[in-house]
Amino acid sequence: MKSTSSTVILVCSTSYALHIEKTLKDSGIPCTLIPVPRHLSSDCGVCVRIASHCKAKTIKMLETTKIPFEGIFDLIQ
Amino acid sequence: MVNFINFVGANPGRSGHRRAVAAGRIVYDTRRAVAELVGADDPLRIIFTYNVTHALNLCLHGLLAPGDHVITSSMEHNSVMRPLRMLEKKGVKLSIVRCANNGSLEPSAVEALIGTGTKLVVLNHASNVTGTLLPIKAVGAICRKHNLLFLVDTAQTAGCYPIAMQSDCIDLLAFTGHKALHGPMGTGGLVIGGRVDEKSLNPLLQGGTGSNSQYEEQPDFLPDALEAGTVNAVGLAGLAAGINWINDIGLETIRSHEEHLTKLLIEGLTGIGGVTVYGDHCAADRTATVSFTIEHIPVSEIGLKLDEEFGILCRVGLHCAPMAHKTLETFPHGTVRFGFSSFNTEDEVEKAIAAVKELSAGVL
Chain A
1 MKSTSSTVIL VCSTSYALHI EKTLKDSGIP CTLIPVPRHL SSDCGVCVRI
51 ASHCKAKTIK MLETTKIPFE GIFDLIQ
Chain B
78 MVNFINFVGA NPGRSGHRRA VAAGRIVYDT RRAVAELVGA DDPLRIIFTY
128 NVTHALNLCL HGLLAPGDHV ITSSMEHNSV MRPLRMLEKK GVKLSIVRCA
178 NNGSLEPSAV EALIGTGTKL VVLNHASNVT GTLLPIKAVG AICRKHNLLF
228 LVDTAQTAGC YPIAMQSDCI DLLAFTGHKA LHGPMGTGGL VIGGRVDEKS
278 LNPLLQGGTG SNSQYEEQPD FLPDALEAGT VNAVGLAGLA AGINWINDIG
328 LETIRSHEEH LTKLLIEGLT GIGGVTVYGD HCAADRTATV SFTIEHIPVS
378 EIGLKLDEEF GILCRVGLHC APMAHKTLET FPHGTVRFGF SSFNTEDEVE
428 KAIAAVKELS AGVL
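Protein sequences, first through last, are from chains A and B.
For what it's worth, the numbering used here labels the leading residue of the first sequence as 1, then goes sequentially.
For what it's worth, the numbering used here labels the leading residue of the second sequence as 78, then goes sequentially.
These aren't lab readings, by the way, just hints derived from the structure by calculation.
Careful, some of the hints might be misleading.
Derived lysine-lysine pairs resembling DSSO-like cross-links, with alpha carbons at most 30 Å apart [said to hold, decoys possible]:
{"hint": "1", "chain 1": "B", "residue 1": "Lys214", "chain 2": "B", "residue 2": "Lys276"}
{"hint": "2", "chain 1": "A", "residue 1": "Lys60", "chain 2": "B", "residue 2": "Lys276"}
{"hint": "3", "chain 1": "A", "residue 1": "Lys55", "chain 2": "A", "residue 2": "Lys22"}
{"hint": "4", "chain 1": "B", "residue 1": "Lys276", "chain 2": "A", "residue 2": "Lys22"}
{"hint": "5", "chain 1": "B", "residue 1": "Lys434", "chain 2": "B", "residue 2": "Lys403"}
{"hint": "6", "chain 1": "B", "residue 1": "Lys196", "chain 2": "B", "residue 2": "Lys214"}
{"hint": "7", "chain 1": "A", "residue 1": "Lys55", "chain 2": "A", "residue 2": "Lys25"}
{"hint": "8", "chain 1": "A", "residue 1": "Lys66", "chain 2": "A", "residue 2": "Lys25"}
{"hint": "9", "chain 1": "B", "residue 1": "Lys340", "chain 2": "B", "residue 2": "Lys222"}
{"hint": "10", "chain 1": "B", "residue 1": "Lys214", "chain 2": "B", "residue 2": "Lys403"}
{"hint": "11", "chain 1": "A", "residue 1": "Lys66", "chain 2": "B", "residue 2": "Lys428"}
{"hint": "12", "chain 1": "A", "residue 1": "Lys66", "chain 2": "B", "residue 2": "Lys222"}
{"hint": "13", "chain 1": "B", "residue 1": "Lys166", "chain 2": "A", "residue 2": "Lys66"}
{"hint": "14", "chain 1": "B", "residue 1": "Lys196", "chain 2": "B", "residue 2": "Lys166"}
{"hint": "15", "chain 1": "B", "residue 1": "Lys222", "chain 2": "B", "residue 2": "Lys276"}
Partial list, computed: chain B residues near chain A (C-beta under 10 Å) [stated by the list, open to error]:
{"hint": "16", "residue": "Ser290"}
{"hint": "17", "residue": "Glu293"}
{"hint": "18", "residue": "Asp301"}
No experiment lies behind these values; they were computed from the predicted model shown.
Cβ coordinates follow ideal geometry from the N, Cα and C atoms, glycine included.
Using the sequences and the hints given, assemble the complete structure.
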């Protein structure tokens, strides 16, 4: 049975991924940078992975700080 | 830098593996360090370049088009003057505020030159010849009043004199890493303030950014829009280390020490017969850069003797700033320039004064 356990935030460049990583960690939201899953984008850089239960808090934080991102996707494992 | 070379070595932003991310993090942390030092809001609006000349060219060539009017001062380095002269040939209108013969600038003289087509004012924060600080806060306020952009060349001040982009009303700030920021050569950048529409800046270079790789056109977001090609990540690691060192020591402590040495030097030099010190003599109004001449001795000879006989290293001549020397009335021969850093000592200043005294006594 498939279940959702993590969520990734796609961004336009590694600089933005690092910027989001710093901002999330400062807000107490754990995250890691991982290579962009190929089924989500042909980009060769990184995206930000968070636990799915932090998704709502993360979206709110991104909206507040106005850091641009390209999309948020749940990873099915 | 050693850590980067030995244990990272990857290209920042060009892949997703751990070393590429580590390299990206080093570059990102350097952006944050620069942003914090100059009071910039957004670290991603910092464009890394190879020096301040590169950053100034990026800004001037990227922003100005034929028909635009730009105002600068007569105390500028050729890193500003040469691109402006090139742009002038292409139809950009250039006005140069004549500074006083001590290098000082009256803000109202800038305002008097503002016209309907004026787009930009560009000034150095401090002269590389005399160390004279220009009144950037007052000029910045004038630029805001007339809705102009304000570019400041901080080659002589970043790292040794307080800079606050917001309260100084600076829209674009060019810096170099290898001077008072204590980074290596090959580092510098342009900080782009929030009032500047990044789409109004044309890139000097187009190319790979590691982002939007599916497109053959340059990305339109910062920093990638203006930062094509691999950055000097190992150098930027050194720049971050330099800024961290400044933060550890404290900018005010550095400034206080340099001001003290400058005061000692100026007092010592002005007491020697035949020696002329250029610029305002008040150490509080200048950086730790002091230009002087000795009557009847060519500056090149002074420089050679200081090196060979006293082990004192200095720069003589025009310092890549011919119009500044015309302003100071020292063109075409130039001056002898001493420049201090936070590592210099009172003892070294006293030895420098004694050496100049000895050289001067030899011809009197």
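I'd like to know which numbered hints this structure contradicts. Please list them from smallest to largest. 9, 11, 13, 17
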